[in-house]
Amino acid sequence: MKPTEVAVLHALSSVRDPELDEPITDLKFIADLRVAEDMVSVRLRLPTPFCAPNFAYLMAADAKAALLSVPGVRHARVVLEDHHASSEINAGMADERGFEATFPGNTEGEDLDELRDIFRRKSFVSRQERMCQALLAEGYTPTQLAKMPLGDPPTSTATEKYLSRREELGLDVSAAAPLLVDPDGNRIPEDSVVEHLRFARLTRISIEGNAGMCRGLLAARYGIPDPEEEVRA
Amino acid sequence: MYEKDGEKYFVVDGHVHYWDASPENQANIHGQQFIDCFYGYHSALSPEEYLWPEEKFQRYSEEDMMHDLFEIGYVDVAIFQPTYLTDFYVDGFNTTEQNAVLKEKYPNKFVLPGRFDPRDGEPGLEAFEELVENYDLKGVKLYTAEWSGQSKGWSLKDPWAKRYLEKCQELNVKNIHVHKGPTITPLNRDAFDVQDIDEAASLFPNLNFIVEHVGLPRLEDFCWIAVQEPNVYAGMAVAMPFIHTRPRYFAQILGELLYWLDEDRILFASDYAIWQPKWLVEKFVDFQIPEEMGWAEYEQLTPDIKRKILGLNAAHLYGIPVPGDIPQPEPVGPAGEPTYPEAPLQ
Chain A
1 MKPTEVAVLH ALSSVRDPEL DEPITDLKFI ADLRVAEDMV SVRLRLPTPF CAPNFAYLMA
61 ADAKAALLSV PGVRHARVVL EDHHASSEIN AGMADERGFE ATFPGNTEGE DLDELRDIFR
121 RKSFVSRQER MCQALLAEGY TPTQLAKMPL GDPPTSTATE KYLSRREELG LDVSAAAPLL
181 VDPDGNRIPE DSVVEHLRFA RLTRISIEGN AGMCRGLLAA RYGIPDPEEE VRA
Chain B
1 MYEKDGEKYF VVDGHVHYWD ASPENQANIH GQQFIDCFYG YHSALSPEEY LWPEEKFQRY
61 SEEDMMHDLF EIGYVDVAIF QPTYLTDFYV DGFNTTEQNA VLKEKYPNKF VLPGRFDPRD
121 GEPGLEAFEE LVENYDLKGV KLYTAEWSGQ SKGWSLKDPW AKRYLEKCQE LNVKNIHVHK
181 GPTITPLNRD AFDVQDIDEA ASLFPNLNFI VEHVGLPRLE DFCWIAVQEP NVYAGMAVAM
241 PFIHTRPRYF AQILGELLYW LDEDRILFAS DYAIWQPKWL VEKFVDFQIP EEMGWAEYEQ
301 LTPDIKRKIL GLNAAHLYGI PVPGDIPQPE PVGPAGEPTY PEAPLQ
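Chains as they are written, first to last, in the numbering used here: chain A, 1 to 233; chain B, 1 to 346.
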C-alpha cells in the first residue's frame, strides 16, 4: 500500500512539542513533506536558531518514529533546518545514534527520558487545570471536584486531553479513580483543592504563554500569519 | 518622567542595551543567529510603527539610544546591562567597558552593572574585583547561557559561581540580575531551569536576585522560588511587550506576579533596543486587568502599583534619588500569609 499525505500528516499530528504541549503540525513546525512510494521525507523548522537542541532532537526522533508507523512507509527521513545544531542533530538522526551520542561530552546522566518526564508532568498539571476550569464554570464546586471519580465529568476535549496526559504518566485512569490527583497519583485533599488549582493555573499560563511566544517568533521568522495575535483577532 | 491623568511616574528602565551586532563584529554564524533571534523578538512583538530595518537593529547609534530612552521614552534612569558574548562577537556584544563610555558621558542617566563568569576561575576573580572598583559597580548581570569555548553555559550552583557571589557580597555589589537563556549544558537537561537561583538566593540573603524576563518560559518555577525567597525579584524584560500583541496574556502574567510576589518586587524593563520604552510606558500606564468573569482573583492596578513597578522599586534597589514631586507609597511589607501549596507540582 502506498502511504498518503493525509495518513502521514495524521501520524505527525501525534507528535507534540514537549515544552509547548501542542502537536508539531498545529505549531506549523513542518516546513516540507514529501511522499514518494515507500519513502517519506520531512523537514522541521523551529521558531529560533537557539531553540533548545534537546527538545529539537526529541521532536525529530518522535517524528521519525511516527512516520515509520504509517502503513506502507519503509524509509523515513527527518531533517531539522535553520538551527544552530542542525548538522549535529541531522547526522545523529540519520545514524539513529540517540541524543547522548550525538552530543558526546555535553550530556550528563540519563538520556532525554528525565527531561521528557518533567514536561509530561507539567502538561498533566496544565491539562488538569483546564478541565477543572471548565467544570467550575459549569457550576461544580471545588469540594465536588475533590470527591469526584474520574468517570463522572461529561466527555469533552479538555477531559480527553487530561486523560491522555494522565495515561502517559502511567497513572490510574479507571472510572472509579479520583479525578484530582497530583503528578505522582496522590489524591488532592478537599481542603487543598483551591490552592492546588491556583498553582496549576500558573503552570498552564506558563505553557500557553510560551506556546504563544513561539508561534509569534515562528510567524515573524518565516513570514506566516500569527494566529494568536490578539490585536488582529 | 511620565505624566498622565494628573499622575506622575518616575521611570527606571531596568534593562537596556547598546550593542554592536553588525556583520563586521560577528565572529561566526552564531553571532548572526543570535542577533537574528533578537530581531525575531523585535519583529514579533513590536507595534508596526516601532519596527526597525534589520541593519539599524544590528547597530544603532548613541543618538538613537539617547533619543529613544530619554528624549521621547520617558526614562529617567536606565540600568545599562552588559552581555559579553565574546565567543560570538569580535569585540563582544556589549561589555561593561563599552557601556562605561556612555555612563561617563551621561553619569546621571545610567546605572552600570558589571558581570562575572565563574568559568574564569581565580584570575577572573581578581579582574572582577578590579572592574567593580574601577566603575563603582552596585550590580552584575549574569548570563548563564553564554558559550565559552567548549562550554555551553554554567549554573549558579557551580562552586566557582558561589566564590564570585561571595566576592559580590564582600564588595557590596548587591543586585544580581540573572538572565536565563537557552542552551545550557548538560544538553539533556532543561535549558531554562531556574532552580539554581533558589539555592543562590538562600545562600546569599543579603543579595538581591533580579530574574530577568520573570523566568519565562518557566514562570511557574520562578514564582515558586520567589514565594520562598524574599530577595528574589521579577524583571519584566520580554514580558512587557505582550501588553501590545497579547494584552490578556500580559494581564495574567502580571496578575500572577502580584499574587505570588507583591507589588514591591516587580521591575519594569524595555530590553531596549529589542523594544522601546515609549510605547511600553504609555501602554502600561493605560493598562488595567480586565473586569470580567474569571478575572476577579487578580488585583486591580492602581497608580501607586504602577509607580512602584515603573521606577520606585528599581530606584530603591540602586539607591537612585527620586524627585520630591513623585508620590512614594510605603512598601506593602510581608503580606497576610496566603496559603501556598506545600510543594511544586512537578
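The hints are simulated quantities; they were obtained by calculation from the structure and are not laboratory data.
This structure is a prediction, so every number in the text was calculated from the model and none was measured.
Be a bit skeptical, because a hint or two may be false.
What the hints assert, rightly or not - FRET-style restraints, in silico, Cβ to Cβ:
1. Gln-300(B) <-> Glu-114(A): 36 to 44 angstroms
2. Glu-114(A) <-> Glu-129(B): 24 to 32 angstroms
3. Ser-61(B) <-> Glu-160(A): 54 to 62 angstroms
4. Glu-138(A) <-> Gly-319(B): 19 to 27 angstroms
Think of the CB as a built atom: it goes at the ideal place given N, C-alpha and C, for glycine as much as any other residue.
Index of numbered hints that the structure contradicts, given in increasing order: 2, 4
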